[in-house]
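> With the hints as your guide, set chain Z onto chain F.
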Amino acid sequence: MTTVGRIINHAWRVFATGFVFVLFGVGALFISLTVFPVLRLSTRDPDVARRRIQNGMQYTFRTYIEIMRLLGIMTYEVHGVERLREQGRLIVANHPTLIDVVLLVSLIPEVDCIVKRGLWRNPFLRWPVIWASYIPNSEGEELIEGCSGTLKKGHSLLVFPEGTRTVPGRPMHMQRGAAHIALAADAELLPVTVTCDPPTLFKGNPWYRVPARRFHMKVVVGDPVSATTFREEGELPARAARRLTQWMLAYYAGTESGRPSRAAHPEKAAEAPVPMASAMS
Amino acid sequence: MSVNVKSREEILEYLRETLVELFELKPEQVVPEAKLYEDLDIDSIDAVDLILKLKDLTGRKIQPQTFKHVRTVGDVVDALEALMAENPAA
Numbered sequence: 001m002t003t004v005g006r007i008i009n010h011a012w013r014v015f016a017t018g019f020v021f022v023l024f025g026v027g028a029l030f031i032s033l034t035v036f037p038v039l040r041l042s043t044r045d046p047d048v049a050r051r052r053i054q055n056g057m058q059y060t061f062r063t064y065i066e067i068m069r070l071l072g073i074m075t076y077e078v079h080g081v082e083r084l085r086e087q088g089r090l091i092v093a094n095h096p097t098l099i100d101v102v103l104l105v106s107l108i109p110e111v112d113c114i115v116k117r118g119l120w121r122n123p124f125l126r127w128p129v130i131w132a133s134y135i136p137n138s139e140g141e142e143l144i145e146g147c148s149g150t151l152k153k154g155h156s157l158l159v160f161p162e163g164t165r166t167v168p169g170r171p172m173h174m175q176r177g178a179a180h181i182a183l184a185a186d187a188e189l190l191p192v193t194v195t196c197d198p199p200t201l202f203k204g205n206p207w208y209r210v211p212a213r214r215f216h217m218k219v220v221v222g223d224p225v226s227a228t229t230f231r232e233e234g235e236l237p238a239r240a241a242r243r244l245t246q247w248m249l250a251y252y253a254g255t256e257s258g259r260p261s262r263a264a265h266p267e268k269a270a271e272a273p274v275p276m277a278s279a280m281s
Numbered sequence: 282m283s284v285n286v287k288s289r290e291e292i293l294e295y296l297r298e299t300l301v302e303l304f305e306l307k308p309e310q311v312v313p314e315a316k317l318y319e320d321l322d323i324d325s326i327d328a329v330d331l332i333l334k335l336k337d338l339t340g341r342k343i344q345p346q347t348f349k350h351v352r353t354v355g356d357v358v359d360a361l362e363a364l365m366a367e368n369p370a371a
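Protein chains in written order, with the working numbering: chain F, 1 to 281; chain Z, 282 to 371.
Just so you know, these hints were derived from the structure itself, not from any lab.
Please read all numbers here as calculations on a predicted model, not as lab measurements.
Using N, Cα and C, we set each Cβ at its ideal position, and we do this for glycine too.
Computed footprint of chain Z on chain F, listed as stretches where at least three residues anywhere in the stretch have a Cβ under 8 Å from a Cβ of chain Z:
no., segment
1, 131-144
2, 176-190
What follows is a set of in silico ranges between Cβ atoms, one per label pair, in the way DEER data are often shown:
no., chain 1, residue 1, chain 2, residue 2, range
3, F, 216, Z, 351, 39 to 49 Å
4, F, 7, Z, 329, 50 to 60 Å
5, F, 116, Z, 310, 27 to 37 Å
6, F, 228, Z, 290, 38 to 48 Å
7, F, 198, Z, 344, 45 to 55 Å
8, F, 5, Z, 316, 51 to 61 Å
9, F, 152, Z, 351, 30 to 40 Å
10, F, 44, Z, 329, 38 to 48 Å
11, Z, 333, F, 138, 19 to 29 Å
12, F, 172, Z, 366, 40 to 50 Å
13, Z, 312, F, 43, 51 to 61 Å
14, F, 152, Z, 312, 35 to 45 Å
15, F, 141, Z, 291, 28 to 38 Å
16, Z, 350, F, 14, 43 to 53 Å
One side of the interface only, derived from the structure: several residues of chain Z facing chain F at Cβ under 8 Å:
no., residue
17, 324
18, 325
19, 326
20, 327
21, 329
22, 330
Next comes chain F alone, as it looks inside the complex (with noise of 0.2 Å):
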């Protein structure tokens, strides 16, 4: 590409970026007003109106990110999007950019989230969130209840461990809510590793700071975990919690070069760091 062309290509990327967050913003108001009252009427069945509203909520930011693929700001690729399907899994995520969660619900039918409870405050944006059957970020254990109940019930619940997106450059950070909830319910967690190249909309980039190119997101999926093989017999969820934590943590470290995962195989388990391995002693 030539000089001005670089020089038109970012203007453009700046002026594409900025179009689609206040697209956000109005679609999220307009759709809430619109097509999320209609789903929720269509039905009596409550548990009816959850599905489809989270089927709408799938559309939704499935066109959003064709919106961004088509002009031009990014391109992205999914492995093992099937997994991601299959109900009553804690789907649990590493979160390196402001968009990961519209990328992944973009790749789900059906999927509980977790959203900041100010949004019951929100007069228009309560509802969907409401008739989603959503859960709000409360404290402690609360939201493991919360959380454990809808996995209990089969739906599937998705999960960012760190609790905030990722810092660039700083070792990863997790809080142990994820594993509290996955050995609650003793569900099964699927791993998910995101990445962005050139990376962008990290924690404290800027929006108009759009990077040298246009972004490219990978989804890969890793393979179902058990959390009860966490467990020992007899033994507070405190400290199995801590073990579960430490194997996610090692998981993203290892999988971050694109190595698949270890707990798939075996084998490799001997060539994990320290961390893995007294995990998994």
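Below, chain Z without anything else, positioned relative to chain F:
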């Protein structure tokens, strides 16, 4: 464990054993200056388990607000000491 007034050292020792058992900490990590969250990685969910366990020491239910301003291991010892002085025969 019999319930009567205990010295600060005894309380600290009990707390140390409890933290090691509950959270797989190393005994030498549990010193009065250690910050519960930053140094020992004890989060709000762990705190609930810990408070339940400390009931065995004080012999009665502990209100979570007792530990509201607790930041370090030393603070926990202070709070437990105050609790047991309040109600030594419970």
